[in-house]
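Protein chains: 2
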Amino acid sequence: MRFVKGFPATTMEEYQLNVINVLKHAAKYFGDREIASRLHNGEVFRYSYGEAYRRVRKLADSLEKLGINPGDRVGVLSWNTHRFYELFFAIPGMGAVLLEMNLRLHPKEIVYVANHSGAKVIFVDETLIKLAEGIAPHIKAEKYIIMADGDLPETKLENVYSYEELVKNGDENYEFPVVDEHSAATACYTSGTTGNPKGVYYSNRAMILHSLAEIHALGLRPDDVYMQLVPMFHANGWGLFYPATIAGAKLVFPGRYAVDALGPVLELMQNEGVTVTAGAPAIFLPMLKYLDSLEDPPRFNLRAWSGATEPPLAMMKGLLKYGIEVIHAYGATETSPLVCYNFIKPGLEEMSEDELWDMKRKQGIPVFGVEVAIADENGNFLPWDGKSIGELYIRGHWITGEYYKDPRTFDSFAEDGFLKWWKSGDAATIDEYGYIKIVDRFKDLIKSGGEWISSVDLENFLVAHPAVFEACVVGIPHPRWEERPLAFVVLKEEYRGKVSREELLEHLSQRFAKWQLPDEILFVDEIPKTSVGKASKRTLREKYREFYTK
Amino acid sequence: MRFVKGFPATTMEEYQLNVINVLKHAAKYFGDREIASRLHNGEVFRYSYGEAYRRVRKLADSLEKLGINPGDRVGVLSWNTHRFYELFFAIPGMGAVLLEMNLRLHPKEIVYVANHSGAKVIFVDETLIKLAEGIAPHIKAEKYIIMADGDLPETKLENVYSYEELVKNGDENYEFPVVDEHSAATACYTSGTTGNPKGVYYSNRAMILHSLAEIHALGLRPDDVYMQLVPMFHANGWGLFYPATIAGAKLVFPGRYAVDALGPVLELMQNEGVTVTAGAPAIFLPMLKYLDSLEDPPRFNLRAWSGATEPPLAMMKGLLKYGIEVIHAYGATETSPLVCYNFIKPGLEEMSEDELWDMKRKQGIPVFGVEVAIADENGNFLPWDGKSIGELYIRGHWITGEYYKDPRTFDSFAEDGFLKWWKSGDAATIDEYGYIKIVDRFKDLIKSGGEWISSVDLENFLVAHPAVFEACVVGIPHPRWEERPLAFVVLKEEYRGKVSREELLEHLSQRFAKWQLPDEILFVDEIPKTSVGKASKRTLREKYREFYTK
Numbered sequence: 001m002r003f004v005k006g007f008p009a010t011t012m013e014e015y016q017l018n019v020i021n022v023l024k025h026a027a028k029y030f031g032d033r034e035i036a037s038r039l040h041n042g043e044v045f046r047y048s049y050g051e052a053y054r055r056v057r058k059l060a061d062s063l064e065k066l067g068i069n070p071g072d073r074v075g076v077l078s079w080n081t082h083r084f085y086e087l088f089f090a091i092p093g094m095g096a097v098l099l100e101m102n103l104r105l106h107p108k109e110i111v112y113v114a115n116h117s118g119a120k121v122i123f124v125d126e127t128l129i130k131l132a133e134g135i136a137p138h139i140k141a142e143k144y145i146i147m148a149d150g151d152l153p154e155t156k157l158e159n160v161y162s163y164e165e166l167v168k169n170g171d172e173n174y175e176f177p178v179v180d181e182h183s184a185a186t187a188c189y190t191s192g193t194t195g196n197p198k199g200v201y202y203s204n205r206a207m208i209l210h211s212l213a214e215i216h217a218l219g220l221r222p223d224d225v226y227m228q229l230v231p232m233f234h235a236n237g238w239g240l241f242y243p244a245t246i247a248g249a250k251l252v253f254p255g256r257y258a259v260d261a262l263g264p265v266l267e268l269m270q271n272e273g274v275t276v277t278a279g280a281p282a283i284f285l286p287m288l289k290y291l292d293s294l295e296d297p298p299r300f301n302l303r304a305w306s307g308a309t310e311p312p313l314a315m316m317k318g319l320l321k322y323g324i325e326v327i328h329a330y331g332a333t334e335t336s337p338l339v340c341y342n343f344i345k346p347g348l349e350e351m352s353e354d355e356l357w358d359m360k361r362k363q364g365i366p367v368f369g370v371e372v373a374i375a376d377e378n379g380n381f382l383p384w385d386g387k388s389i390g391e392l393y394i395r396g397h398w399i400t401g402e403y404y405k406d407p408r409t410f411d412s413f414a415e416d417g418f419l420k421w422w423k424s425g426d427a428a429t430i431d432e433y434g435y436i437k438i439v440d441r442f443k444d445l446i447k448s449g450g451e452w453i454s455s456v457d458l459e460n461f462l463v464a465h466p467a468v469f470e471a472c473v474v475g476i477p478h479p480r481w482e483e484r485p486l487a488f489v490v491l492k493e494e495y496r497g498k499v500s501r502e503e504l505l506e507h508l509s510q511r512f513a514k515w516q517l518p519d520e521i522l523f524v525d526e527i528p529k530t531s532v533g534k535a536s537k538r539t540l541r542e543k544y545r546e547f548y549t550k
Numbered sequence: 001m002r003f004v005k006g007f008p009a010t011t012m013e014e015y016q017l018n019v020i021n022v023l024k025h026a027a028k029y030f031g032d033r034e035i036a037s038r039l040h041n042g043e044v045f046r047y048s049y050g051e052a053y054r055r056v057r058k059l060a061d062s063l064e065k066l067g068i069n070p071g072d073r074v075g076v077l078s079w080n081t082h083r084f085y086e087l088f089f090a091i092p093g094m095g096a097v098l099l100e101m102n103l104r105l106h107p108k109e110i111v112y113v114a115n116h117s118g119a120k121v122i123f124v125d126e127t128l129i130k131l132a133e134g135i136a137p138h139i140k141a142e143k144y145i146i147m148a149d150g151d152l153p154e155t156k157l158e159n160v161y162s163y164e165e166l167v168k169n170g171d172e173n174y175e176f177p178v179v180d181e182h183s184a185a186t187a188c189y190t191s192g193t194t195g196n197p198k199g200v201y202y203s204n205r206a207m208i209l210h211s212l213a214e215i216h217a218l219g220l221r222p223d224d225v226y227m228q229l230v231p232m233f234h235a236n237g238w239g240l241f242y243p244a245t246i247a248g249a250k251l252v253f254p255g256r257y258a259v260d261a262l263g264p265v266l267e268l269m270q271n272e273g274v275t276v277t278a279g280a281p282a283i284f285l286p287m288l289k290y291l292d293s294l295e296d297p298p299r300f301n302l303r304a305w306s307g308a309t310e311p312p313l314a315m316m317k318g319l320l321k322y323g324i325e326v327i328h329a330y331g332a333t334e335t336s337p338l339v340c341y342n343f344i345k346p347g348l349e350e351m352s353e354d355e356l357w358d359m360k361r362k363q364g365i366p367v368f369g370v371e372v373a374i375a376d377e378n379g380n381f382l383p384w385d386g387k388s389i390g391e392l393y394i395r396g397h398w399i400t401g402e403y404y405k406d407p408r409t410f411d412s413f414a415e416d417g418f419l420k421w422w423k424s425g426d427a428a429t430i431d432e433y434g435y436i437k438i439v440d441r442f443k444d445l446i447k448s449g450g451e452w453i454s455s456v457d458l459e460n461f462l463v464a465h466p467a468v469f470e471a472c473v474v475g476i477p478h479p480r481w482e483e484r485p486l487a488f489v490v491l492k493e494e495y496r497g498k499v500s501r502e503e504l505l506e507h508l509s510q511r512f513a514k515w516q517l518p519d520e521i522l523f524v525d526e527i528p529k530t531s532v533g534k535a536s537k538r539t540l541r542e543k544y545r546e547f548y549t550k
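Sequence order for the protein chains is A and B. Residues 1 to 550 (UniProt numbering) make up the first sequence, in order. Residues 1 to 550 (UniProt numbering) make up the second sequence, in order.
Quick caveat, the hints were computed from the structure, so don't treat them as lab data. Take these hints with a grain of salt, some might be off.
A pair counts as met if it fits within one copy or between any two copies, since identical chains are not told apart.
Computed list of lysine to aspartate or glutamate pairs in EDC-like fashion (alpha-carbon distance at most 16 Å, straight line) [as the list claims (entries may be wrong)]: (1) Lys-28 to Glu-371; (2) Lys-28 to Asp-385; (3) Lys-345 to Glu-34; (4) Lys-5 to Asp-180; (5) Lys-24 to Glu-371; (6) Lys-360 to Asp-431; (7) Lys-28 to Asp-292; (8) Lys-420 to Glu-13.
Using the sequences plus the hints, can you model the full thing?
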């Protein structure tokens, strides 16, 4: 792949893609459009894009006076509130970097993230002061700014400022600078299953181009109402509040909420007339369960992107009864996150209903601005036939090209002339229509006799058996077939001792060919977990390395 | 306005915004989606994005062998055909510049454009060979490539190649380079009322960002069907075939058509199920007249952007009867062209129907990526109150920042710190909601006693009188009021000598205040015209300079 320079253009090439322009635009043309934010006491605070921009200017003025400079990293520990939203403009607007601090991480990892990024100041929601106090002695941040709905709570933190005081005392005529579009606007650290989190720093340019892809993908309009469900400390909360702001949609922030008590969120959703949101089965499954439990359930008119894992068919169909259309989308911290989303292309409508539902479970088609490929272990590209399984390679305007100051960068990218690919670590097929289907983590695939077996598929089908509480399948070296699957099953308590290996193998036979079945199923009391609660396949693989050879 | 650099991002900042990626994306994900192109014999040629990309690769390979290099300017003289569409990818894809040659210009101006740009090769539609032969002796182009549906017609042109032969002989595995996104992709020369055309060179980046604005503004979807009505040699034909391609919409090219014989175009529109198009009252007015004349008129489901001049209310309402929703949009050659389009914002729906129609006649709200301001003669910004009239200033990613090698650049821009504004020459108001209303050309405004009078408003209302064939109003120096309006009226033949100055002034009084009325109305046989057929107000102002003073 060659790189060439052509003839100079006369267009305003110096005009920069800046995150702050998003709110400037909304304040000018949708100044009265509402932003609703649920406070910690359950009340809904309401204001507008015009007022938000005024507050953001005042805040930025105060932050500049506090000594925050272009290039500084500024951490945020918060739930999904209107203040977190304001920071997504104020901080990048000044040329500084908003560091998303994942409050679900182990405190040790949060300390790592704060120190690795060199965060100078940290914003803390009033409900997270304890967490901040715990990490403060171990990090180098100079100042803490508390975001509280009312009076500032007491705290052992030092050099503490009040968010609302800073807003109050700032100059509303503060002029944001033009920021070099290649400068980082936000940053998020991705927590793998091993090692320290890896830093991804998103440019202003990436955030804007990503927003323009999302605005088209979701067809966002001024009369939409967008609710920010995805935590804003996870890959920019899917970045959707940016395109929703460009579109002039009404915004709704749910504040702090719990997945096992979704009543208040659903009530807010209904009261505010939400039409667009995004989440994952981890929230949509309990949402369906909750709605099913109601005597007089509400009806919505809602399109909902679902990421993280494949949405179960029953969940998609179940939510559709309540007017919630689940749209499968796919991405990662490294991809800002949008890579692809699912929609049925013209020409495919003639499929049967079952075929269409099968299509809808796929991860979908990449948006313009992102390219994908699948490659074997040696980096050779594989055909798009819906069968060939390879590692999904991704590149584009908003895909990370390195991990910040991290030697793991070396193994995570594939060079390809002038451009490079990020190796996602996901194993996928791509069908003739261009639909991506993730089948496993690439390293968890089981290679048996030259064919791939998906550990995830086996696990999902095992868990569908009524007796199975949890299942984990790994590939174990095999003298004849290279690798063979070995399954670990935790039975539900009431079934322990009552279900046999043979019964589960027969269950699997309904769906899988004989050569795909695990050679052995081991009943265990628990599956070893990583720090983020995922099954540690590495532990199992190491412990049982010689299971089929000795 | 300051410019700052922040912290370096890790995202793939080297990934370039390239026009060729548009067709690459469509070929991959909408490979079977149809492109329909009406040939000169009236037949409709059909192929797909997949085949178009294959042809474009083969063509580019042949062009490279012919000696076209990155940075070369390549002219095109053509109607709206699928071949012109292919060139909009093949030429920028190679890093060269597609020069749009406006075949409506005077041949002398076409010669100027060809030589000023330094066009090396010129593509000519078979029906335009005569035009090309006329200008060939005066320009420096080395080669001519004829685009013909069948055999190559005879021609006196030298160094002639066949488009279809080049396609046939090219390598379909040609790999497009990555082009520096700041390199020009296309170029168009704007024809003012005086002097030579001025060159605007649009970068690859500008074309992509402009496309992403349009895809959102029109809500383009894969099931849309887009017809390219605007000539592709006018400001990229409004650029809409790019976003339509990104969206995977079906494309329809009408080929050569005449505004006074729209039957075949409307038939094509109906047969192909067109849902989106763009044009101007110059085509939509005859379209309405034609539809009104039919006994059994077709019904459409069509959204149509209308530019160039304010769409008459009767036209908008008339076309709506046939399912054609006219959406007022505004731009210029210097602005790629999209600046703003009209839609009714949430919160304004409660206006009365008449108020809403009045709103819809306005030019609308700027899209994200474009900023506007209104300024007085000294460059002071004016308030957005719907009353203050100023020159419309525009800046943004796809607005020109200079005229190529042209000293008129000096007067056409206003510096503003790190960024600058293009001075559009249009006089406008902006209301409290952000809606732009163009009231006149800035230099044609009449300043009377410190207040502005719009010459265009007076002209439009004069022409609404049944006796008036044509009207032109200019401001003439006045000893007391600085300027006063002077009206020139050409009466329809049957009314000559039968209508008085007083009658026309009374007609104007229905709408205008006394101080806004022309002090004098002169009946003339014709209005002097510029080379592009517009009224030459300059000629009138000069000739009648002392009308109110001597």
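* **Intra/inter-copy verdict for Lys-28 and Glu-371 if alpha-carbon distance must be at most 16 Å** => between (35 Å within a copy, 10 Å between copies)
* Asked: Under a CA distance limit of 16 Å, which applies to Lys-24 and Glu-371: within one copy, between copies, both, or neither?
  -> between (31 Å within a copy, 10 Å between copies)
* To do: Please work out whether the CA atoms of Lys-420 and Glu-13 approach to 16 Å or closer within one copy, between two copies, in both situations, or in neither?
  => The answer is between: 11 Å across copies meets 16 Å, while 25 Å in one copy does not.
* Could you figure out if Lys-360 and Asp-431 sit no more than 16 Å apart (CA to CA) within one copy, between two copies, both or neither? => within (13 Å within a copy, 45 Å between copies)
* Homo-oligomer pair classification [Asp-385, Lys-28; C-alpha up to 16 Å] -> between (48 Å within a copy, 13 Å between copies)
* Within, between, both or neither, where Lys-5 and Asp-180 count as close if Cα-Cα is 16 Å or less -> between (21 Å within a copy, 5 Å between copies)
* When no copy is specified for Lys-28 and Asp-292, does a C-alpha distance of 16 Å or less occur within a copy, between copies, both, or neither? -> Classified as neither: same-chain Cα gap 43 Å, cross-chain 41 Å, threshold 16 Å.
* Quick one: Lys-345 to Glu-34, C-alpha cut-off 16 Å, is that within a copy, between copies, both, or neither? -> between (34 Å within a copy, 13 Å between copies)
Of the hints listed earlier, the one the structure fails to meet is number 7.
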